[in-house]
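Participant: Could you put the whole structure together from the sequences, leaning on the hints where they help?
Chain by chain, the residues:
Number of protein chains: 2
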Amino acid sequence: MLSEQRKDFLNKAIAAIYSRKFYAAYPEHPAPAIYGETADADGKAAFEAALSKPFTGLAQSSTQHGGDEVSPYTGESLGINYPLFTPAELVEKASAVKRSWGKATADERANVLLHSLELFKDNFFQIAYATMHTTGQAYMMSFQASGPHAADRALEAVAMGYEELNRFPATTEWEKPMGKYSITLNKSWRAVPKGVAVVIGCSTFPTWNTVPGLYASLITGNPTIVKPHPMAVLPIAIVVECIQKALLANGFSADICQLGTDVAAKPITKELIENPAVKLVDYTGGTTFGNYVESLAGKTTFTEKAGVNSIIIDSVDDLDAVLNNLAFSLSLYSGQMCTAPQNFFIKKEGIQTKDGIVSTSDFATRLANAVTALIDNPKAGPHIIGAIQNPATAARVQKAADLGAEIVLPTRELANPMFANARLAAPVIMKVSADKESLFSQELFGPIAFVIETNDTTHSVALAKEMALTHGAISCGAYTTSADVKEMITDEMAEAYTPVSFNLTGGIYVNQNATFSDFHVTGGNPAGNASFTNPEYVIKRFTWVGFREPAAPKS
Amino acid sequence: MLSEQRKDFLNKAIAAIYSRKFYAAYPEHPAPAIYGETADADGKAAFEAALSKPFTGLAQSSTQHGGDEVSPYTGESLGINYPLFTPAELVEKASAVKRSWGKATADERANVLLHSLELFKDNFFQIAYATMHTTGQAYMMSFQASGPHAADRALEAVAMGYEELNRFPATTEWEKPMGKYSITLNKSWRAVPKGVAVVIGCSTFPTWNTVPGLYASLITGNPTIVKPHPMAVLPIAIVVECIQKALLANGFSADICQLGTDVAAKPITKELIENPAVKLVDYTGGTTFGNYVESLAGKTTFTEKAGVNSIIIDSVDDLDAVLNNLAFSLSLYSGQMCTAPQNFFIKKEGIQTKDGIVSTSDFATRLANAVTALIDNPKAGPHIIGAIQNPATAARVQKAADLGAEIVLPTRELANPMFANARLAAPVIMKVSADKESLFSQELFGPIAFVIETNDTTHSVALAKEMALTHGAISCGAYTTSADVKEMITDEMAEAYTPVSFNLTGGIYVNQNATFSDFHVTGGNPAGNASFTNPEYVIKRFTWVGFREPAAPKS
Chain C
1 MLSEQRKDFL NKAIAAIYSR KFYAAYPEHP APAIYGETAD ADGKAAFEAA LSKPFTGLAQ
61 SSTQHGGDEV SPYTGESLGI NYPLFTPAEL VEKASAVKRS WGKATADERA NVLLHSLELF
121 KDNFFQIAYA TMHTTGQAYM MSFQASGPHA ADRALEAVAM GYEELNRFPA TTEWEKPMGK
181 YSITLNKSWR AVPKGVAVVI GCSTFPTWNT VPGLYASLIT GNPTIVKPHP MAVLPIAIVV
241 ECIQKALLAN GFSADICQLG TDVAAKPITK ELIENPAVKL VDYTGGTTFG NYVESLAGKT
301 TFTEKAGVNS IIIDSVDDLD AVLNNLAFSL SLYSGQMCTA PQNFFIKKEG IQTKDGIVST
361 SDFATRLANA VTALIDNPKA GPHIIGAIQN PATAARVQKA ADLGAEIVLP TRELANPMFA
421 NARLAAPVIM KVSADKESLF SQELFGPIAF VIETNDTTHS VALAKEMALT HGAISCGAYT
481 TSADVKEMIT DEMAEAYTPV SFNLTGGIYV NQNATFSDFH VTGGNPAGNA SFTNPEYVIK
541 RFTWVGFREP AAPKS
Chain U
556 MLSEQRKDFL NKAIAAIYSR KFYAAYPEHP APAIYGETAD ADGKAAFEAA LSKPFTGLAQ
616 SSTQHGGDEV SPYTGESLGI NYPLFTPAEL VEKASAVKRS WGKATADERA NVLLHSLELF
676 KDNFFQIAYA TMHTTGQAYM MSFQASGPHA ADRALEAVAM GYEELNRFPA TTEWEKPMGK
736 YSITLNKSWR AVPKGVAVVI GCSTFPTWNT VPGLYASLIT GNPTIVKPHP MAVLPIAIVV
796 ECIQKALLAN GFSADICQLG TDVAAKPITK ELIENPAVKL VDYTGGTTFG NYVESLAGKT
856 TFTEKAGVNS IIIDSVDDLD AVLNNLAFSL SLYSGQMCTA PQNFFIKKEG IQTKDGIVST
916 SDFATRLANA VTALIDNPKA GPHIIGAIQN PATAARVQKA ADLGAEIVLP TRELANPMFA
976 NARLAAPVIM KVSADKESLF SQELFGPIAF VIETNDTTHS VALAKEMALT HGAISCGAYT
1036 TSADVKEMIT DEMAEAYTPV SFNLTGGIYV NQNATFSDFH VTGGNPAGNA SFTNPEYVIK
1096 RFTWVGFREP AAPKS
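These protein sequence lines map, in sequence, to chains C and U. Counting in the numbering used here, the first sequence runs from 1 upward without gaps. Counting in the numbering used here, the second sequence runs from 556 upward without gaps.
Be aware that one or more of the hints could be misleading.
[Said to hold, decoys possible] The calculated BS3-like cross-link candidates involving lysine-lysine, where the alpha carbons are at most 27 Å apart (straight line), are:
#1 K854/U to K270/C
#2 K676/U to K176/C
#3 K1041/U to K176/C
#4 K1041/U to K103/C
#5 K379/C to K735/U
#6 K731/U to K486/C
#7 K934/U to K180/C
#8 K1041/U to K98/C
#9 K176/C to K934/U
#10 K121/C to K731/U
#11 K540/C to K648/U
#12 K735/U to K121/C
#13 K540/C to K576/U
#14 K299/C to K854/U
#15 K540/C to K98/C
#16 K735/U to K12/C
#17 K98/C to K7/C
#18 K731/U to K379/C
#19 K299/C to K825/U
#20 K7/C to K731/U
#21 K576/U to K103/C
#22 K576/U to K176/C
#23 K653/U to K825/U
#24 K299/C to K1095/U
#25 K658/U to K21/C
#26 K658/U to K486/C
#27 K1041/U to K180/C
#28 K567/U to K180/C
#29 K176/C to K567/U
#30 K21/C to K731/U
#31 K1095/U to K576/U
#32 K1095/U to K21/C
#33 K540/C to K1095/U
#34 K576/U to K180/C
#35 K21/C to K735/U
#36 K176/C to K562/U
#37 K731/U to K12/C
#38 K486/C to K653/U
To be clear, the hints were calculated from the coordinates, so they are not data collected in a lab.
Facilitator: Right under this line is the structure:
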């Protein structure tokens, strides 16, 4: 059962969800004082020891093995082979444990899942190196995003699920007065899981984007198959290993959480999720495949797809502070975050600042300078931009010059001082007028930005809203010193179901979403149909079913 | 704003939702002591005064009018004409009030909706007569189902919506410690409505099945269009009138809730719900149209379709008590409830009773006798069976003899002592073996029942489960004196997302679902994708959108 210590841990997370104040169950800084003097070295050693051999951590075995992973930093294959299974094998094993996991209590499931998070925490550093060498994230982001932030998101999903499972009484005595007598029924309810769940991972955030759906499906009683992106298996394989160990340690079958790896030469995703026993599908990735996932009849789906994110600049106090903030947002992980800004809308009369009006052209030039200063800073640049996960992203940056827009900041050669073969792409910034909508009304994934001149701020907002409603948006930044303009932007972007960060400067960025506080992806526009972690995110994974019977007459 | 009295009323409903104990905000008995000495006569007079003229209660006017309603009791047209509008007109008006209703606070909306329920209550008797003469329900059911029970369901939806809208703080100060300093953000969230809502009514329960979706969409801020069944407009037209009066009395536009009547010769439903501005669709009715509604891309839908409901009889204590209960369930409103039982599964070895084994044949005969005794009882029969809403239902009963099953109770002529022209259909009971699945694996809407002989109770349960998973089920009754069999039935029917009533005898029936306690339709099997009123039922009607901005430095 759920120990007092774990129950207390869970209750703190539930309280954070309800207060929406800052809360972090897992410290985000990889300091030796927090995680232990040798944690980093041990994690690195564990990562290196795992290379060029079969992955043996899973309680799953197969005669078939494969693996595609290549480090964006070294250009070399990781050489790790994972057991491969057919979709039918995975679904059959999941189905066999459906009832036992479904009938486990919320406390029993929470106990297993919190146990797994304790093991997950012990592997933060190994997962960090695994994330670096699959996604191309820099070390600090790899640690934070795949370790503590992911674990916080997983805990959030467990806490929200636990809360919903316990929201109504499991039993009640229902006594209806009928005048001279009463009808008394004993009623009970079960939160019945939907069925077999599949979580489809992505190549850029293999744990952060996977664990919310994984833990949400597990806490609500659904046996879950993780289908990682073939280029980013290791980080989530370690998480699945932790969950399987926790399941086994608590007397459950490891088949309740399976890793269903595939290789690019033989993808299994469609066959897997089209299996009739699969009722829940979580997906992070491109829009085309995401739309297909959403279209599947008889499945409950949770998607995060692409978006076109906007920055609306009306008026600012200190433009340099704004430029530094935006340059960071644009450069962070080379624009490979789903929350990275792409379109910067500025009215043609320019930006009001404390030092006077700044024209669109001057803004574009100063933004380019801020980006250059950031990525050329040897102490910061490489740690911010990381490397490029997918060669197609690097190619897209190279080809930006052919789009026909005015190039304000051309891409150029970059070098990483530690990894001579790292795949890199310096940001490109272009300037266009608002009527060139075909150029900027698509997601150009990677470090690619447009400065777009509009008629006025109302026009800027209308375009940002249209982009969000038509192509999706996961973030939006807005800068204004006017309360009226702020309210107008809030009203308009609310109707596009797009969260807005106003007037960010300093050490907080539009790209960042805080666990236990920000709802990541609203689910209300084409960027995705689900949100981390609102109540709907867990409720849709089970069904309330009621049972009732006349109570025995009272003596 | 929400008055103290209304707030208190709402809080009692919220408490009932959480306790799931018996609660009724609106007394279900039409006693003069409760509703006033003249309430019944006044309601009847108001109903009669409304006949054969235009319906003038709405704050909507049109040059086009029409109405199709015919009383199942008299066979005569009600002669009431309603204003008709094109789908584009309805959606345009709804869209124009979208932002004002969307930005109204939860308290403001709750105040309007509770006010409307007060007006609704004042019209319970008029609505009862309107329901009788459109649906064919008997007087008592017309009063209860369309009046207090419907108002309770509406209140439940308001209470659940209000609870979810207030679940998280509207604003918070989020302070993240960064070592030497903190980042402090002011965060706020809006529950942004999904868009224009349409609620499609049915002919048998025109208010009870419509008001949950109607009030759920309204409390969450969506302007809502009610599209009633053309044969059952008047009861819900009066409800819409009450809502419009409450809107106007509180300074809102009546366009926030419109009645969008159509006539059989010119249906508008498809064009209406396919309008891109329509984002929410509630539907009660047949499966084919319901599947079409669910298939609409870009809409959030809430459906209640058909089901094949089972009674599983393993063993009983007092068979006569069981038979009386089942005969009532089968006869009530002549089987025209979505919760009415159709398939009675009994193992071939017979039913264990306190008086020994009763064979399937004997059970069928005794059930037939119990039904006959009930409907031939002049004080009870007409008040239980009511009349037949749709001529197709009466025809289906007549044609049951052609199905090829053994007829245990043939249908026959019936007469209603008060209405010589009432459309009636006496129940038909057939007996078949379990291998005649093609006969009983479809909903035969109306007073039609099969007694089905199975190999054993496990077989009975397997068939009931298969019916529910394949064709949907909204209710299930089971009789067993064995705790093990009860647990087995619970496990199996839970996996078919079908609620089970065990061992009902006396004055409580499998057909009945209690507001504030039973989740009506689980949403988990093909009988429907939604449930009255679980949290999902309201949460899916809005989207949380967050806004954040650095807090001003503290002095």
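Participant: Could you run down the list of hints and mark each one as holding or not?
Facilitator: Structure-based check of all given hints:
no.: 1; hint: K854/U to K270/C; result: 24 Å, holds
no.: 2; hint: K676/U to K176/C; result: 21 Å, holds
no.: 3; hint: K1041/U to K176/C; result: 24 Å, holds
no.: 4; hint: K1041/U to K103/C; result: 16 Å, holds
no.: 5; hint: K379/C to K735/U; result: 21 Å, holds
no.: 6; hint: K731/U to K486/C; result: 24 Å, holds
no.: 7; hint: K934/U to K180/C; result: 21 Å, holds
no.: 8; hint: K1041/U to K98/C; result: 20 Å, holds
no.: 9; hint: K176/C to K934/U; result: 24 Å, holds
no.: 10; hint: K121/C to K731/U; result: 21 Å, holds
no.: 11; hint: K540/C to K648/U; result: 32 Å, violated
no.: 12; hint: K735/U to K121/C; result: 26 Å, holds
no.: 13; hint: K540/C to K576/U; result: 25 Å, holds
no.: 14; hint: K299/C to K854/U; result: 15 Å, holds
no.: 15; hint: K540/C to K98/C; result: 17 Å, holds
no.: 16; hint: K735/U to K12/C; result: 25 Å, holds
no.: 17; hint: K98/C to K7/C; result: 25 Å, holds
no.: 18; hint: K731/U to K379/C; result: 24 Å, holds
no.: 19; hint: K299/C to K825/U; result: 24 Å, holds
no.: 20; hint: K7/C to K731/U; result: 24 Å, holds
no.: 21; hint: K576/U to K103/C; result: 24 Å, holds
no.: 22; hint: K576/U to K176/C; result: 9 Å, holds
no.: 23; hint: K653/U to K825/U; result: 21 Å, holds
no.: 24; hint: K299/C to K1095/U; result: 16 Å, holds
no.: 25; hint: K658/U to K21/C; result: 24 Å, holds
no.: 26; hint: K658/U to K486/C; result: 16 Å, holds
no.: 27; hint: K1041/U to K180/C; result: 31 Å, violated
no.: 28; hint: K567/U to K180/C; result: 25 Å, holds
no.: 29; hint: K176/C to K567/U; result: 16 Å, holds
no.: 30; hint: K21/C to K731/U; result: 9 Å, holds
no.: 31; hint: K1095/U to K576/U; result: 26 Å, holds
no.: 32; hint: K1095/U to K21/C; result: 25 Å, holds
no.: 33; hint: K540/C to K1095/U; result: 10 Å, holds
no.: 34; hint: K576/U to K180/C; result: 19 Å, holds
no.: 35; hint: K21/C to K735/U; result: 19 Å, holds
no.: 36; hint: K176/C to K562/U; result: 24 Å, holds
no.: 37; hint: K731/U to K12/C; result: 16 Å, holds
no.: 38; hint: K486/C to K653/U; result: 20 Å, holds
Hint check: violations occur at hints 11 and 27; the rest are consistent with the structure.
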